[in-house]
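Visitor: Protein chains in written order, with my numbering: chain V, 1 to 254; chain S, 1001 to 1290.
Hints are not guaranteed to be accurate.
Said to hold, decoys possible - Just the calculated beta-carbon pair ranges, DEER-fashion:
hint: 1; chain 1: S; residue 1: L1228; chain 2: V; residue 2: L59; range: 28 to 36 Å
hint: 2; chain 1: V; residue 1: R89; chain 2: S; residue 2: D1016; range: 36 to 44 Å
hint: 3; chain 1: V; residue 1: G196; chain 2: S; residue 2: V1261; range: 50 to 58 Å
hint: 4; chain 1: V; residue 1: A19; chain 2: S; residue 2: D1098; range: 23 to 31 Å
hint: 5; chain 1: S; residue 1: A1155; chain 2: V; residue 2: G30; range: 40 to 48 Å
hint: 6; chain 1: V; residue 1: W115; chain 2: S; residue 2: L1228; range: 19 to 27 Å
hint: 7; chain 1: S; residue 1: V1269; chain 2: V; residue 2: R116; range: 37 to 45 Å
hint: 8; chain 1: S; residue 1: M1004; chain 2: V; residue 2: A121; range: 41 to 49 Å
hint: 9; chain 1: S; residue 1: D1098; chain 2: V; residue 2: G21; range: 40 to 48 Å
Hints listed in this document are in silico derivations from the structure and should not be mistaken for laboratory results. Here a beta-carbon is modelled for each residue, glycine too, at the ideal position from N, C-alpha and C.
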Amino acid sequence: MNLSNGVAPVLSARGVSFAYGPEPVLEDVGVELSSGEFVALVGPNGSGKSTLVRVLVGLLTPRSGTVRLFGEPPDRLRRRWRVGYVPQRLRIAPDLPVTVGEVVATGRLPRQGWWRRTRPADRAAVDHALESAGLADLRRRPLAELSGGQQQRVLIAKALASEPELLILDEPVAGVDAAAQRQFRDSLVHLVEEHGAAVLLISHELGAVADDLDRVIVLKRRVVFDGPPAELAATGVSLGIHADDLPLWLEELA
Amino acid sequence: MDAMPGMPWPLPWPFDRTYMQLALVAGMVVGAAAPCVGTFLVQKRLSLLGDGLGHAAVAGVGAGLLVGTGPTWTALAVAVGAAVVVEWLRTRGSASGDLALALIFYGGIAAGVVLASRSTDANLQPYLFGSILTVGPDDAYAVLGLGAAIVATVAVTGRALLAVVLDEESARVSGIPARLLNVLLAVLTAVTIVASMRVVGVLLVAALMVLPVASARLVARSFRGTMLGAVAVGLTSVVLGLAASRQWALASGGTIVLVAVATFVVVSVFQAVRAGAARPDAGGLLSGPG
Chain V
1 MNLSNGVAPV LSARGVSFAY GPEPVLEDVG VELSSGEFVA LVGPNGSGKS
51 TLVRVLVGLL TPRSGTVRLF GEPPDRLRRR WRVGYVPQRL RIAPDLPVTV
101 GEVVATGRLP RQGWWRRTRP ADRAAVDHAL ESAGLADLRR RPLAELSGGQ
151 QQRVLIAKAL ASEPELLILD EPVAGVDAAA QRQFRDSLVH LVEEHGAAVL
201 LISHELGAVA DDLDRVIVLK RRVVFDGPPA ELAATGVSLG IHADDLPLWL
251 EELA
Chain S
1001 MDAMPGMPWP LPWPFDRTYM QLALVAGMVV GAAAPCVGTF LVQKRLSLLG
1051 DGLGHAAVAG VGAGLLVGTG PTWTALAVAV GAAVVVEWLR TRGSASGDLA
1101 LALIFYGGIA AGVVLASRST DANLQPYLFG SILTVGPDDA YAVLGLGAAI
1151 VATVAVTGRA LLAVVLDEES ARVSGIPARL LNVLLAVLTA VTIVASMRVV
1201 GVLLVAALMV LPVASARLVA RSFRGTMLGA VAVGLTSVVL GLAASRQWAL
1251 ASGGTIVLVA VATFVVVSVF QAVRAGAARP DAGGLLSGPG
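In isolation and in its complexed conformation, chain V is listed as follows (with noise of 0.2 Å):
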């Protein structure tokens, strides 16, 4: 289904070092994803994990290093809609009334080109994009009315809409519930079988999700464990047992 399926990496960092001041963030960092994986990124708070994924999809730009999206150099893609990105929280105003479906179909812009006619197809990929983040019923809700879950849900289902290749999210459950985060992983894994496509997750609660990674990476400035969720749990870290006291046990780890 996806023509690029084990030729060329959805996504790759290679030695890729970023500081904001002197003391650099990022040392030396590669990451490398392919379709269909599901892969956790984790580190302990200030490990650089967003700075990271700035990185990673183009806005912020790398002192040393290369990042390839698809290939090509962040600045350079041209179908951008095959990376989604979901930011770490909502930035949108609490007082701007605006329907949770409103917010889902700009998500469809970047596939549908922004300046041309919503076709049925792009109509049907929010309609499917509001159902897997199960928000269907939620659609002409006031985004101001929903919880801080569902919210998130709708950030994700925003993602969606362009049916991404890759998509990367920034802790988009903290401070979710465990029936929210249900749904949340539902979401992500039908994405990852259903359409092939690959995800980054940066999260601190993986205990909805770690049966389903392919791998986890630790990320503390470098890359500290890249590798099976079984393998990180040898070290003594687990991220079912650990869920929530993750930040504390990758401290431990070298």
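Guided by the hints, dock chain S onto chain V, whose structure is given.
Guide: Quick look at chain S alone, frame taken from chain V:
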């Protein structure tokens, strides 16, 4: 040609005369176009951009009066130029950028006053506060053209502008040209100011971009609803304001804006009463238990 085709149209008082009908045409175009653009400005917290660009546009009016070309097109050139510079300064986001805005806005209005004082027909008043009852057919056609361009542009780019309003960073990552759209919004604001110049004047135009939106978003639940509601308030303000200004011989631009202010007050009170009724316990002092 002294009017638009078929004028005076068979309309009831107060719009039975040709000059009132020309005013109505220009006023309704502005009453619809200004809130369309304003909906995005309010949500981006750029409510005062219209005011600033309005000040800058005075330089264009002054230049037009001095050269004798008619100030619409010179004002358009200056306002659009100022919009592009302002947006460029805004993206740099520095404190000196803030002062640079003051330089452009007050430099613009001061230059306008000085330029106009050198011309033989040195009356800035109709452009500062509007003079809708003296709108001629040429003015009405110019306003119609500018208004149509504004509404058509918003119709095509509105969804993308909303995407940028919602989350500029995500929009950029996904390939929506956020910077270009920000410049476009600033340019749309400039065009709206020039279209509104003869209707409410450059000093009051920001009111017509912002106040109807402020009223509409108290009631609306969606972005689309906010925009349609704001257009409805804008049109109502123009029609009622024109009627009142004819009935009591009031300055039309100021009257239109005061109707928009009154609408906001009425809607706010209505919403407060309704919110109070929806929460009986919030009745407070009077309805407290025993």
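Visitor: Please go over all the hints and tell whether each is borne out by the structure.
Guide: Hints and how they fare:
no.	hint	verdict
1	L1228/S to L59/V: 28 to 36 Å	holds, 34 Å
2	R89/V to D1016/S: 36 to 44 Å	violated, 57 Å
3	G196/V to V1261/S: 50 to 58 Å	holds, 57 Å
4	A19/V to D1098/S: 23 to 31 Å	holds, 29 Å
5	A1155/S to G30/V: 40 to 48 Å	holds, 47 Å
6	W115/V to L1228/S: 19 to 27 Å	holds, 22 Å
7	V1269/S to R116/V: 37 to 45 Å	holds, 43 Å
8	M1004/S to A121/V: 41 to 49 Å	holds, 44 Å
9	D1098/S to G21/V: 40 to 48 Å	violated, 25 Å
In the structure shown, a violation is registered for the earlier hints numbered 2 and 9, in ascending order.
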